[in-house]
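Residue-level listing of the chains:
Protein chains: 2
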Amino acid sequence: MPSTTETLTAERILEATEEVLRRHGPAKATVVDVARALGVSHGSVYRHFRTKAALREAVTKRWLDRTSERLAGIAAAEDLAPERRLRDWLAALFEAKRHKAGDDPELFATYTVLVDELGGVVHDHIADLTGQLTRIIAAGAESGDFTAPDPATTARAVFHATGRFHDPGYAREWTEPGIEEDFEAVVGLLVRGLRAAG
Amino acid sequence: MPSTTETLTAERILEATEEVLRRHGPAKATVVDVARALGVSHGSVYRHFRTKAALREAVTKRWLDRTSERLAGIAAAEDLAPERRLRDWLAALFEAKRHKAGDDPELFATYTVLVDELGGVVHDHIADLTGQLTRIIAAGAESGDFTAPDPATTARAVFHATGRFHDPGYAREWTEPGIEEDFEAVVGLLVRGLRAAG
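As they're listed, the protein sequences go chains A and B.
Under UniProt numbering, the residues of the first sequence are numbered 1 to 198, in order.
Under UniProt numbering, the residues of the second sequence are numbered 1 to 198, in order.
Derived from the structure by calculation, the hints contain no laboratory data.
Just so it is clear, CB atoms sit at the ideal spot from N, CA and C, and this is done for glycine as well.
Some hints here could point you the wrong way.
Across the chosen pairs, the derived CB separations fall in these ranges [stated by the list, open to error]: (1) B:A27 - A:A109: 21 to 29 Å; (2) B:T175 - A:E173: 20 to 28 Å; (3) B:A53 - A:E78: 52 to 60 Å; (4) A:E142 - B:A53: 18 to 26 Å; (5) B:T175 - A:E106: 30 to 38 Å; (6) B:R70 - A:R23: 26 to 34 Å; (7) B:E180 - A:I126: 16 to 24 Å; (8) B:E95 - A:T7: 33 to 41 Å; (9) A:R172 - B:A92: 22 to 30 Å; (10) A:E106 - B:E180: 54 to 62 Å; (11) A:T147 - B:R98: 46 to 54 Å; (12) B:H42 - A:K28: 24 to 32 Å; (13) B:T7 - A:E184: 51 to 59 Å; (14) A:A96 - B:G169: 16 to 24 Å.
Distance condition first, Cα-Cα at most 20 Å in a straight line; then the derived SDA-like pairs of lysine to any residue [claimed, not checked]: (15) B:K52 - B:D33; (16) B:K97 - A:G163; (17) B:K52 - B:V113; (18) B:K97 - A:G169; (19) B:K97 - B:F108; (20) B:K61 - B:K100; (21) B:K52 - B:A10; (22) B:K61 - B:R87; (23) A:K100 - A:E19; (24) A:K97 - B:G163; (25) A:K97 - B:G169; (26) A:K100 - A:A81; (27) A:K52 - A:S68; (28) B:K28 - B:E69; (29) A:K97 - B:T51; (30) B:K97 - A:Y170; (31) B:K28 - B:D65; (32) A:K61 - A:A127.
Starting from the given sequences, assemble the full structure and let the hints guide the process.
Structure representation (structure tokens):
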């Protein structure tokens, strides 16, 4: 039978870290807490993550990746019309963020603090998401459905213009009445801008 | 010669309040500080503003109104083409906010805290700004330059889609390289959406 240390994977540590963050918040969660939750020495944790900062970064990246992985399927669904993919993708992003904020507000608040501290991780996450958007918009430009001479720039514009519906700073507004209509109005206007002849 | 009390206008009190806020921050500024700065009794201040809350609200409203008044002229410039007015208005809003944030960061931070506390004042300010935008978009719909069956809804969508360039939560990004290009890309996409035939 394998010892605890042998089965101690990075993924198990990250799961435990998330649980510790949920219970103690971002300020208090330490490597010792994580090790205790797993019943291992803190040295065993350090073998996978060399610093507390590395552990925080990895757990935050994992949390953000959960969103981008859900969206990647829509970005890659080349059988769907580009406009449909774009609308579905933006709706799925909004939905994913709202669920994260609404289902587990403490954990969401915790990750929002971490995200604020981890510029590099956020940068990569946004690059990942705008990369997916670029793929959809480039497909639309190629098929003639969209006018977008520079799909990457247009993708950034679409991402920025929809910030109200995915930026954690707006989480308070996501439960307000009328937010769905606001979302539809912004997306409708952007789609019309994309459809327009140059 | 009039006594100090006789010349004590609401405007003078608000000017002094802003100065006290600049020096002491939002948490510490009191009516007594304001009265002291003016060389009057705090009773004289209360004669104009019945509570500390009323004074905070009035000074915040005055600060927000400075922005909307600057923009009102563009919204009313009916000799300009609607697209020109819209672009100018959005650029002026971004410029006004950037200046507020950059020229006097302490005061900006102070007002950002106050604004967060004063839901009603902010609501009126946003209604004022989106009202100006509605006027521009309705003019474009009338002249046939824009397609906007419901100018008020479209105005809200334009306001929301440009939040990155006027919402104080993004103030940190306003000095980053590339922000001008990001702004142009969003505005360009929105204008194309407005121009589009239904």
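_Hinted pair, alpha-carbon criterion (20 Å max): A:K100, A:E19. Please report holds or violated._
Distance ~15 Å between A:K100 and A:E19 Cα, so the pair holds.
*Has the given pair, A:K52 with A:S68, been kept, meaning a C-alpha gap of at most 20 Å?*
Violated - the C-alpha atoms of A:S68 and A:K52 are around 25 Å apart, more than 20 Å.
_Hint consistency between A:K97 and B:G163 [alpha-carbon to alpha-carbon, up to 20 Å]_ = Given that 20 Å is the threshold and the Cα spacing comes to 18 Å, the pair holds.
_Hint check: A:K97 vs B:G169, CA-CA at most 20 Å. Holds or violated?_
At roughly 18 Å apart (the allowed maximum being 20 Å), B:G169 and A:K97 satisfy the hint.
*Would the pair B:K28 and B:E69 pass a check requiring their Cα atoms to be no farther apart than 20 Å?*
violated (29 Å)
*Given a hinted range of 21 to 29 Å, is it respected by the beta-carbon distance of B:A27 and A:A109?*
holds (22 Å)
*Is A:K100 within 20 Å of A:A81, Cα to Cα?*
Since the Cα atoms of A:K100 and A:A81 sit roughly 28 Å apart, the hinted pair is violated (cutoff 20 Å).
*Range hint compliance [Cβ, B:T175 to A:E173, 20 to 28 Å]*: Because 25 Å falls inside the window, the suggested range holds.
*Using the Cβ atoms, figure out if B:R70 sits within 26 to 34 Å of A:R23.*
At 49 Å between Cβs, range violated.
_Satisfaction of hint between A:Y170 and B:K97, Cα-Cα up to 20 Å_ = holds (19 Å)
*Distance restraint evaluation - B:E180, A:I126, Cβ atoms, bounds 16 to 24 Å*: holds (19 Å)
*Go ahead and decide if the range 33 to 41 Å is satisfied by the Cβ distance of B:E95 to A:T7.*
Check failed, 59 Å falls outside 33 to 41 Å.
Comparing the model with each earlier hint shows violations of hints 4, 6, 8, 10, 11, 12, 22, 26, 27, 28, 29, 31; every other hint is respected.
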